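> Now for the letters of each chain:
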Amino acid sequence: MPAVRDSLFAFRRAPLLSALSITTIAFSLFAVGLFGLVVVNIRQALERVEERVEIRAFVAEKTPVEQIALAANEVAKYAEVQSVDLVTQEQALERARRELGEFKDVFEAEFLPPSLDVHLKSGFRDPATVHQVADRLKALSFVEDVRFGEEWITQLYRLRNIAGVAAVALGLAFAAVAIIIIGATIRMAVLARSREISIMRLVGATDGYIRRPFLIEGFVKGILGGALALGLTWLAIHVVSGYLSFQTVFFDQRLALVGLAAGAMMGLVGSAFSVGRHLPQV
Amino acid sequence: MIRFTKVTKDYPRLGAALNDVSFSVAKGEFVFLTGPSGAGKSTILKLIYMEERPTDGEVRVAGLSSVTIRPRDIPKLRRKLGIVFQDFRLLEDRTAEANVAFALEVTGTPRSAIGGKVSRALTQVGLASKATSYPRELSGGEQQRVAIARALVNDPVLLIADEPTGNLDDRATRGVFQLLRDINASGTAVLMATHNLDLIRRSDYRSIELNRGKIVFDSAEAARAAIERFAE
Chain A
0 MPAVRDSLFA FRRAPLLSAL SITTIAFSLF AVGLFGLVVV NIRQALERVE ERVEIRAFVA
60 EKTPVEQIAL AANEVAKYAE VQSVDLVTQE QALERARREL GEFKDVFEAE FLPPSLDVHL
120 KSGFRDPATV HQVADRLKAL SFVEDVRFGE EWITQLYRLR NIAGVAAVAL GLAFAAVAII
180 IIGATIRMAV LARSREISIM RLVGATDGYI RRPFLIEGFV KGILGGALAL GLTWLAIHVV
240 SGYLSFQTVF FDQRLALVGL AAGAMMGLVG SAFSVGRHLP QV
Chain B
0 MIRFTKVTKD YPRLGAALND VSFSVAKGEF VFLTGPSGAG KSTILKLIYM EERPTDGEVR
60 VAGLSSVTIR PRDIPKLRRK LGIVFQDFRL LEDRTAEANV AFALEVTGTP RSAIGGKVSR
120 ALTQVGLASK ATSYPRELSG GEQQRVAIAR ALVNDPVLLI ADEPTGNLDD RATRGVFQLL
180 RDINASGTAV LMATHNLDLI RRSDYRSIEL NRGKIVFDSA EAARAAIERF AE
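Line by line, the protein sequences are chains A and B. One point on numbering: in numbering that gives the first Met the number 0, the residue at position 118 of the first sequence is 117, and numbering is uninterrupted. One point on numbering: in numbering that gives the first Met the number 0, the residue at position 177 of the second sequence is 176, and numbering is uninterrupted.
Treat the hints as calculated values from the structure; they're not laboratory data. Warning: the hint list may mix true and false statements.
Residues from chain B shown here face chain A by an in silico Cβ test under 7 angstroms; the list is partial [unchecked claim]:
| no. | residue |
| --- | --- |
| 1 | Pro74 |
| 2 | Arg77 |
| 3 | Arg78 |
| 4 | Ile82 |
| 5 | Arg88 |
| 6 | Leu90 |
| 7 | Ala102 |
| 8 | Thr106 |
Over the 12 angstroms line for every Cβ pair with chain B, so calculated as not near, a few chain A residues [claimed, not checked]:
| no. | residue |
| --- | --- |
| 9 | Lys120 |
| 10 | Ala127 |
| 11 | Leu139 |
Negatives, chain A to chain B, calculated, CB over 12 angstroms [what the hints assert, rightly or not]:
| no. | residue |
| --- | --- |
| 12 | Asp125 |
| 13 | Leu190 |
| 14 | Trp233 |
| 15 | Gln246 |
Because the structure is a prediction, the values reported are computed rather than measured. From the three backbone atoms N, C-alpha and C, an ideal C-beta is built for every residue, glycine too.
Same shape as in the complex, but just chain A:
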């Protein structure tokens, strides 16, 4: 493959320029990576909190347990529902005593109502779905009241959405920077090889043949920049978690591959854009 050889030759011919462009790409992707990691960690933390999203439907006193159990089975069949716990009056009392240990003597038997504690499946814990399920529970004849911490769930989701939007916006901004940088380095490569390109044209090389090494060069620079950024991000997160001593998560294998692919795509787009613009001028 002469195109691959030519693009590797470009690295050998201008090692400093190549290293500089890979480093610059790596740093822009590093910025994206760092913010991405913040988002991944926020999401992870939110998911843990989300697992506690629970709808509690309080059942009217004197409702036969059999009827509640029957209803619990029905509710468990809802598509959004992961599990339903039936909490009797005795269990409610016990839980209250456990959770509020120092006031355990205050609780007298049988004054807390029984309830159905409904846990939702992951992906169905957004405010709208929680509302919907709560409304269905409210419609049950023996249910007196439904509680699910509406304010809390809305805030949680707002935070999650802000983090997501900020990540996308920053990601796009840094991706644009990386594309521009790659474009600029490819422009320099095109100009540095202008003599060779003009000779190629004279002897009958096709446009595709002339373009290919530059596209490969951009692609490889993008991948190398992405890999370097991944390494830098990993290093940064280890240093940070070492100093601040808190538990952090790194990108999983799939996200790391997405990062590399993003680097490669940026390299390809940047070089295609630059070659398309500057080749006709050579």
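Fit chain B to the given chain A structure using the hints.
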């Protein structure tokens, strides 16, 4: 081989470079293109290898027309041509043989065929012994021979030479010119733009003289007119 029909070429800022030029070159012919600087010689050559398109009129080269050719077909045309310049246009970081091989590599010639073709072309120009030399290690005449070998390696039907002896001393000029004659003798048409009137006088090849974008003299036309006058 080449046919110019009422060709005009205007450059946006420089104005008219060629004005209503018509001529043709037959297969296997050797033609000098001469005239002062700025007369339009290089423009004619650029129109032939379709680096430029005419503003008006038509240029036909090796069966392809400037009016109908698609940009992606231009490389196909250039593979039928060999082009040589005054400044050689060699790649300084490659040896003589690598420079010649370059023309084959970029046109997709199989690797196995390249070695033989390169050494044949270098032998043809008398530089087989300097195959591994870099351009900076060669004299001007030798560098031009490498450029000619690169132009020949694809077996062109037409060799275009733009002032090929412009940077050479007399001895090297004679050598390069003799080489072009030999190439022509083997059947390749040669169109050579030159300032060197001595070369034109010493040979009996057809010459076309340009001035200010117009053909002011064509030895073939002059000979035809003389014959017609004689016949009358």
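> Against each hint, give a clear statement of whether it holds in the structure.
Now the hints, each set against the structure:
no.: 1; hint: Pro74; verdict: 4 angstroms, holds
no.: 2; hint: Arg77; verdict: 4 angstroms, holds
no.: 3; hint: Arg78; verdict: 4 angstroms, holds
no.: 4; hint: Ile82; verdict: 5 angstroms, holds
no.: 5; hint: Arg88; verdict: 6 angstroms, holds
no.: 6; hint: Leu90; verdict: 6 angstroms, holds
no.: 7; hint: Ala102; verdict: 4 angstroms, holds
no.: 8; hint: Thr106; verdict: 5 angstroms, holds
no.: 9; hint: Lys120; verdict: 56 angstroms, holds
no.: 10; hint: Ala127; verdict: 55 angstroms, holds
no.: 11; hint: Leu139; verdict: 72 angstroms, holds
no.: 12; hint: Asp125; verdict: 53 angstroms, holds
no.: 13; hint: Leu190; verdict: 16 angstroms, holds
no.: 14; hint: Trp233; verdict: 39 angstroms, holds
no.: 15; hint: Gln246; verdict: 54 angstroms, holds
In terms of the numbered hints stated before, the structure departs from none.
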